[in-house]
Amino acid sequence: MKTPIVAFALSILISLSARAELKWEQTTLELHPTAADKQAIGHFKYQNPGKTPVRFKSVHASCGCTTAQTQKDEVPAGGTGEITATFNIGDRTGTQVKTVTVETDDPTNTKTVLTLRTIIPQQLEISPTFVFWKQGDKPDPKTITVKVGKDFTVKHIKVTSSSPDFQAKVEEKGNGEFKIDVQPQETKNLIASTLTIQPEDSQKVFYATARITNSPTVQ
Amino acid sequence: MTSSLVRQVLILAAVALIPGVGEAVYFRHKISWRSAVLPSEMVTVDQARAWGGNVIWVDARPDEEFARDHVPDAISLNEDRWNDLLSQFLVVWSPGKKVVVYCSSLSCNASREVARRLRREAQLPDVFVLEGGWEAWLKKR
Numbered sequence: 000m001k002t003p004i005v006a007f008a009l010s011i012l013i014s015l016s017a018r019a020e021l022k023w024e025q026t027t028l029e030l031h032p033t034a035a036d037k038q039a040i041g042h043f044k045y046q047n048p049g050k051t052p053v054r055f056k057s058v059h060a061s062c063g064c065t066t067a068q069t070q071k072d073e074v075p076a077g078g079t080g081e082i083t084a085t086f087n088i089g090d091r092t093g094t095q096v097k098t099v100t101v102e103t104d105d106p107t108n109t110k111t112v113l114t115l116r117t118i119i120p121q122q123l124e125i126s127p128t129f130v131f132w133k134q135g136d137k138p139d140p141k142t143i144t145v146k147v148g149k150d151f152t153v154k155h156i157k158v159t160s161s162s163p164d165f166q167a168k169v170e171e172k173g174n175g176e177f178k179i180d181v182q183p184q185e186t187k188n189l190i191a192s193t194l195t196i197q198p199e200d201s202q203k204v205f206y207a208t209a210r211i212t213n214s215p216t217v218q
Numbered sequence: 000m001t002s003s004l005v006r007q008v009l010i011l012a013a014v015a016l017i018p019g020v021g022e023a024v025y026f027r028h029k030i031s032w033r034s035a036v037l038p039s040e041m042v043t044v045d046q047a048r049a050w051g052g053n054v055i056w057v058d059a060r061p062d063e064e065f066a067r068d069h070v071p072d073a074i075s076l077n078e079d080r081w082n083d084l085l086s087q088f089l090v091v092w093s094p095g096k097k098v099v100v101y102c103s104s105l106s107c108n109a110s111r112e113v114a115r116r117l118r119r120e121a122q123l124p125d126v127f128v129l130e131g132g133w134e135a136w137l138k139k140r
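Taken in order, these protein sequences are the chains called Y and H.
The first sequence runs 0 to 218 under numbering that gives the first Met the number 0.
The second sequence runs 0 to 140 under numbering that gives the first Met the number 0.
Accuracy of the hints is not assured; some may be wrong.
Unchecked claim - Calculated pairs, DSSO-like style, for lysine-lysine (alpha carbon to alpha carbon, straight line, at most 30 angstroms):
#1 Y:K133 <-> H:K138
#2 H:K97 <-> Y:K133
#3 Y:K50 <-> Y:K22
What the hints assert, rightly or not - Simulated restraints, written as ranges between beta carbons of each label pair:
#4 H:L105 <-> Y:S161: 53 to 61 angstroms
#5 Y:I190 <-> H:E134: 37 to 45 angstroms
#6 H:L9 <-> Y:T83: 41 to 49 angstroms
#7 Y:K137 <-> H:G52: 51 to 59 angstroms
#8 Y:T94 <-> H:V5: 40 to 48 angstroms
#9 H:L11 <-> Y:K22: 35 to 43 angstroms
#10 Y:N87 <-> H:L105: 37 to 45 angstroms
If you are wondering where the hints come from, they were derived from the structure by calculation, not from laboratory data.
Here a beta-carbon is modelled for each residue, glycine too, at the ideal position from N, C-alpha and C.
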């Protein structure tokens, strides 16, 4: 009984080694950029262990925020190389998963999906980033909560309102938590303010918006 | 003979199952690359159009694609320039308005991400993702 299993496994191994197929060191990469980084770059290394060259037919990323580049169009037998995937972080937050689909002329495995998982550190978590009052509402204060990210230390934050029509008061709650009370002077006019939230000793700036809106649309 | 063959098939299947189970356990906390959207948070082009002027269309595609063409009166809000664009969107938003976010096609994820941030970070109600995105809108134009 053992002989057919061994023969079967061997035949698969032999056929795998004979065909021209790229062997990837990793098809999933996890990147940890710093809070100041604008890009996260992943290198997907490959090898052609086959006996014939492999040609790239196409390499494309899952979104416009990611670009992917090959070093060469063809990988000779026994050759190595890498595909460089560059993820532009922009104003994204949290965990971002982007893919790069690689198509080759290998008939047995034409498509390979490479996954770039980027963990973007968040210095401050602001909730909500928008507070509003309807025109004519009582101008009671509304609270924005700010929590410091787990890998950061922020002892103080500075909050500035772009409009004198809104006041913002910061209260330090301890344990990396702050409370911002936002209050309009009045709610008669349709006015808005951008609140700039800046952690002490940091260049990074965060934003929240306060606004007096018109009344809901009647359906 | 038959039982031996069946046994061999079962052994091979069991061996093949080991890496599969291992991967399922290892990746159990890893997220899917597409944000989950409840069916109630999706909207078709026809449904969104039926809401008439009570809709704010939000284009989650990159700036260049928005500049090329977009749904009439749509506002650009993408994650490349979230901080700049969000304040421009919030100037237009008012309570009672429905927000419909779209990206390129059925397979894109940007609209789901933008809708998720509007709900979670700005805490806006009535935020929907357009089924089929810009491609679906073009077909119905």
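Hints, one by one, checked against the model:
Under the criterion of a C-alpha separation no larger than 30 angstroms, the hint pairing K133 of chain Y with K138 of chain H is inconsistent with the structure, at around 38 angstroms. Between K97 of chain H and K133 of chain Y the alpha-carbon distance is near 17 angstroms, which keeps this suggested pair within the 30 angstroms criterion. As the CA atoms of K50 of chain Y and K22 of chain Y are separated by approximately 13 angstroms, the hinted pair is consistent with the 30 angstroms bound. For L105 of chain H paired with S161 of chain Y, a C-beta distance near 40 angstroms fails the hint of 53 to 61 angstroms.
As the Cβ distance of I190 of chain Y to E134 of chain H is approximately 39 angstroms, the hint placing it in 37 to 45 angstroms holds. For L9 of chain H and T83 of chain Y, the hinted distance range of 41 to 49 angstroms is satisfied, since their beta carbons lie about 44 angstroms from each other. Look at K137 of chain Y against G52 of chain H: about 29 angstroms separates their beta carbons, and that is not inside 51 to 59 angstroms. Under the hint 40 to 48 angstroms, the C-beta atoms of T94 of chain Y and V5 of chain H, about 45 angstroms apart, fit the expected range.
Between L11 of chain H and K22 of chain Y, the C-beta spacing of about 23 angstroms breaks the proposed range 35 to 43 angstroms. Checked against the hint of 37 to 45 angstroms, the C-beta distance between N87 of chain Y and L105 of chain H comes to roughly 23 angstroms, which is inconsistent with it.
In summary, the numbered hints that this structure violates are 1, 4, 7, 9 and 10.
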